[in-house]
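Listed here are the chains, written in short residue letters.
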Amino acid sequence: MVIVMGFEGSANKLGIGIVKDDGTILSNIRHTYITPPGEGFLPKDTAEHHRSWIISLVKRSLTESGLTHKDIDCLAYTKGPGMGPPLRSVAVTVRMLSQLWKKPIVAVNHCIAHIEMGRLITGAKNPTVLYVSGGNTQVISYSLKKYRIFGETIDIAVGNCLDRFARVINIPNDPSPGYNIEQLAKKGKNLVELPYVTKGMDVSFGGILSNIESIAKNPVRLKEYTVEDLCYSLQETVFSMLVETAERAMAHCGQTEILAVGGVGCNERLQQMINQMVSQRNGQSFAIDERYCIDNGAMIAWAGYLIFKNNITTPLCETSTTQRFRTDQVEVTWRDD
Amino acid sequence: MSDLVKMEGITDLTKIGAELISQGAEAKTFKLNYFGMECIIKERFVKTYRHPTLDSKISNKRILQEIRSLNKCKKNGIDVPGLLFVDIVQTRIMMEFVNGITVKQFLYNNCENNYQNTQTPEIIRICREIGQQVCKIHDLNLIHGDLTTSNILLRTSTNNSTVFIDFGLSYTSTLAEDKAVDLYVLERAFISTHPNSESLFNEILQSYKDSSKNSPSVINRLDQVRLRGRKKLAFG
Ligand SMILES: Nc1ncnc2c1ncn2[C@@H]1O[C@H](COP(=O)(O)OP(=O)(O)OP(=O)(O)O)[C@@H](O)[C@H]1O
Ligand SMILES: [Mg+2]
Chain A
81 MVIVMGFEGS ANKLGIGIVK DDGTILSNIR HTYITPPGEG FLPKDTAEHH
131 RSWIISLVKR SLTESGLTHK DIDCLAYTKG PGMGPPLRSV AVTVRMLSQL
181 WKKPIVAVNH CIAHIEMGRL ITGAKNPTVL YVSGGNTQVI SYSLKKYRIF
231 GETIDIAVGN CLDRFARVIN IPNDPSPGYN IEQLAKKGKN LVELPYVTKG
281 MDVSFGGILS NIESIAKNPV RLKEYTVEDL CYSLQETVFS MLVETAERAM
331 AHCGQTEILA VGGVGCNERL QQMINQMVSQ RNGQSFAIDE RYCIDNGAMI
381 AWAGYLIFKN NITTPLCETS TTQRFRTDQV EVTWRDD
Chain B
3 MSDLVKMEGI TDLTKIGAEL ISQGAEAKTF KLNYFGMECI IKERFVKTYR
53 HPTLDSKISN KRILQEIRSL NKCKKNGIDV PGLLFVDIVQ TRIMMEFVNG
103 ITVKQFLYNN CENNYQNTQT PEIIRICREI GQQVCKIHDL NLIHGDLTTS
153 NILLRTSTNN STVFIDFGLS YTSTLAEDKA VDLYVLERAF ISTHPNSESL
203 FNEILQSYKD SSKNSPSVIN RLDQVRLRGR KKLAFG
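Chains A and B are the protein sequences, given in the same order. All residue numbers for the first sequence refer to my numbering, where the first residue is 81 and numbers rise by one. All residue numbers for the second sequence refer to my numbering, where the first residue is 3 and numbers rise by one.
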């Protein structure tokens with residue numbers, strides 16, 4: 081039996097997870113750095129948050145799973161992509177624990193971990209993946225040992241677009257700006273016309289953000305539309321673009337399954353739209369809830385296990401971090417199809 | 003004429019013998035034998051996931067854009083399917099059936115050992131033709147909008163010459179930026195669909211460069227677009 085402990089801290093979520101080789105999740109806890117309304121999270125403060133919580137989270141996850149560090153076979157951590165300082169503060173802790181406990185380390189690509197966690201939880205075999213989060217927006221499909229990127233944003237990520245709009249309208253970042261936009265959107269009725277920008281399998285959100293920002297700051301326009309209407313329109317527009325490009329990739333790759341992962345992937349309106357899309361083409365959709373969709377430690381542990389099971393480890397001197405680390409850079413050693 | 007008139011009232015094209023050959027993100031594509039002539043009918047249908055207002059706006063815009071761009075290309079000597087019939091109400095267009103295969107299928111069939119060898123003379127010729135034709139399209143200030151290897155066909159009767167299809171996302175623009183993004187879309191679709199095809203895309207770019215005096219500014223811009231694409235990968 082192999083047990084892996086995973087460490088995630090590439091953005092404002094710090095997550096520790098413990099996973100067994102059969103995919104059982106023994107523990108998966110998270111602590112989120114939440115900033116006041118109107119403010120984003122800065123790298124330095126986020127790193128500080130991770131540093132101050134990581135030891136207590138490690139202890140709690142061991143207690144919760146009824147294990148001691150002796151039961152752990154390997155430590156997996158997020159190498160990237162992500163924000164430099166938070167990534168580094170977690171990597172430093174992992175290096176320390178590795179020497180203290182005498183355990184090998186495996187470096188993991190964050191995006192790949194999202195995909196593999198989604199496949200583990202849902203049982204999807206070979207889906208087109210819509211990876212949507214605060215930092216990434218990609219449409220991915222596997223072939224010949226690589227997760228290949230078919231479509232992506234040509235400017236900002238969809239989650240970033242939602243988060244920045246949340247700041248403009250000053251709504252809380254707790255539990256997440258996207259979640260709060262989703263709740264407001266449920267009360268929206270009138271569709272505001274916004275740019276709709278798809279370029280083949282690529283999307284762009286920059287123009288939409290500046291357009292809706294200007295509406296939100298314009299008292300005259302705000303007589304026509306409520307804040308709820310704006311949230312509703314923003315979601316309807318950007319999610320339609322995502323579903324359209326994902327469907328285009330499915331058609332192009334000849335795939336029938338779709339899996340949504342990443343923080344925005346747990347938005348229920350987006351999931352509903354994906355379901356409607358696949359039902360019109362006799363496909364199947366897979367979605368996961370916030371425990372596994374939003375950044376977490378278990379996904380890093382599981383992706384780490386997939387690498388570790390083929391006896392691959394990362395030597396201590398190579399346990400660095402990197403802000404840029406593309407999904408298609410990773411050799412997928414654990415899939416044979 | 004009677005069949006065309008009849009077609010306007012028909013909601014299910016398979017009832018008049020049309021065969022569904024593909025379902026994309028936007029449209030269903032049917033093949034129909036029309037008085038002995040093979041035709042393609044591309045039908046945009048309501049996407050239930052999209053807000054109805056948004057959906058009809060997009061759908062109407064794209065069908066018109068597709069018609070305009072097909073005509074513009076045809077007039078300027080770029081090979082595209084001949085347009086036969088338009089039904090705006092049912093958002094259908096009927097066009098010539100091009101006998102051949104997609105570039106995607108051609109590359110699947112002709113790249114040996116999982117794309118270890120992509121450099122056959124025929125493949126290189128096709129890539130150079132793609133570069134030249136895309137350049138011609140851009141010189142008309144037309145942006146295709148969805149350049150992939152599924153949207154370029156090879157016509158059998160003229161020894162695999164290229165035919166461009168699927169102009170639903172096309173639009174007019176004089177900007178180097180828009181042309182560069184068009185190339186970027188093609189590059190990404192090319193390389194993700196066809197492993198080890200970087201050298202083939204370079205052939206496309208080279209012949210794009212050789213085909214017009216406007217190319218250098220577009221290619222320069224492409225470097226910036228690529229950089230933006232990589233840089234924005236921040237955090238998950
Ligand atoms: N004129 C034609 N002759 C032969 N085959 C065609 C023709 N037009 C389309 N096809 C085939 O049908 C497929 C789909 O057509 P097309 O690309 O126009 O629609 P689509 O991809 O479904 O559209 P969209 O991307 O707008 O949703 C093509 O990839 C091609 O294989
Ligand atoms: Mg197409």
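Just so you know, the hints here were simulated from the structure itself, not pulled from any lab data. C-beta atoms are modelled at their ideal positions from N, C-alpha and C, and glycine is treated no differently. Incorrect hints may appear among the rest.
[Claimed, not checked] No more than 20 Å apart at the CA atoms, straight line, and that leaves these computed lysine to aspartate or glutamate pairs for EDC-like:
#1 A:Lys389 / A:Asp417
#2 A:Lys269 / B:Asp57
#3 B:Lys59 / A:Glu273
#4 B:Lys211 / B:Asp180
#5 A:Lys226 / B:Glu200
#6 A:Lys150 / A:Glu119
#7 A:Lys139 / A:Asp151
#8 B:Lys63 / A:Glu273
#9 B:Lys138 / B:Asp57
#10 A:Lys225 / B:Glu200
#11 B:Lys59 / A:Asp309
#12 B:Lys30 / A:Glu337
[To be verified] Now the stretches of chain B that chain A is said to cover, found in silico as 3 or more residues with beta-carbon under 8 Å:
#13 40-52
#14 69-75
#15 137-149
[Unchecked claim] Taking beta-carbon pairs under 7 Å as the criterion, some of the chain B residues facing chain A (in silico):
#16 Gly11
#17 Ser58
#18 Ser152
#19 Val183
#20 Val187
#21 Asn198
Hints versus structure:
For the given pair, Lys389 of chain A sits about 17 Å from Asp417 of chain A by alpha-carbon distance, which is consistent with the 20 Å threshold. Taking the CA atoms of Lys269 of chain A and Asp57 of chain B, the gap is about 16 Å. The hint holds against a cut of 20 Å. For the suggested pair Lys59 of chain B and Glu273 of chain A, the alpha carbons sit about 10 Å apart, so the restraint of at most 20 Å is met. At roughly 16 Å between alpha-carbon atoms, Lys211 of chain B and Asp180 of chain B fall within 20 Å of each other, so this suggested pair holds.
Restraint check: the Cα-Cα separation between Lys226 of chain A and Glu200 of chain B comes to about 15 Å, which is no more than 20 Å; the hinted pair holds. Our distance criterion of 20 Å between C-alpha atoms is broken by Lys150 of chain A and Glu119 of chain A, whose separation comes to about 41 Å. Restraint check: the Cα-Cα separation between Lys139 of chain A and Asp151 of chain A comes to about 14 Å, which is no more than 20 Å; the hinted pair holds. Using a Cα cut-off of 20 Å, the hinted pair Lys63 of chain B and Glu273 of chain A holds, with the two alpha carbons roughly 15 Å apart.
About 31 Å separates the Cα atoms of Lys138 of chain B and Asp57 of chain B, which puts this hinted pair outside 20 Å; it is violated. Taking the CA atoms of Lys225 of chain A and Glu200 of chain B, the gap is about 17 Å. The hint holds against a cut of 20 Å. Using a Cα cut-off of 20 Å, the hinted pair Lys59 of chain B and Asp309 of chain A holds, with the two alpha carbons roughly 19 Å apart. Of the supplied pair hints, the one linking Lys30 of chain B and Glu337 of chain A holds, its CA atoms being roughly 19 Å apart against a limit of 20 Å.
For the segment 40-52 of chain B, the assignment as covered by chain A holds, since 5 residues bring a beta-carbon within under 8 Å of that chain's beta-carbons and 3 suffice. Given as covered by chain A, the segment 69-75 of chain B fails the check, having 0 residues with a CB less than 8 Å from a CB of that chain where 3 are the minimum. Counting residues of the segment 137-149 of chain B whose beta carbon lies closer than 8 Å to any beta carbon of chain A gives 3, which reaches the threshold of three, so the coverage claim holds. Evaluation of the Gly11 of chain B hint against chain A yields a violated restraint, the C-beta minimum of about 23 Å exceeding 7 Å.
Contact between Ser58 of chain B and chain A, as hinted, is not supported at the beta carbon level, the nearest pair being about 12 Å apart and thus beyond 7 Å. Interface restraint check for Ser152 of chain B: the shortest CB-CB distance to chain A comes to about 5 Å, inside 7 Å, so the restraint holds. Interface restraint check: Val183 of chain B against chain A, minimum CB-CB distance 6 Å, threshold 7 Å, status holds. Below 7 Å, beta-carbon pairs count as interface contacts, and Val187 of chain B has one with chain A at about 4 Å; its hint therefore holds.
Annotation: Asn198 of chain B was flagged as interfacial toward chain A, and the flag is violated, the nearest CB pair being 9 Å apart, outside 7 Å.
Hint check: violations occur at hints 6, 9, 14, 16, 17, 21; the rest are consistent with the structure.
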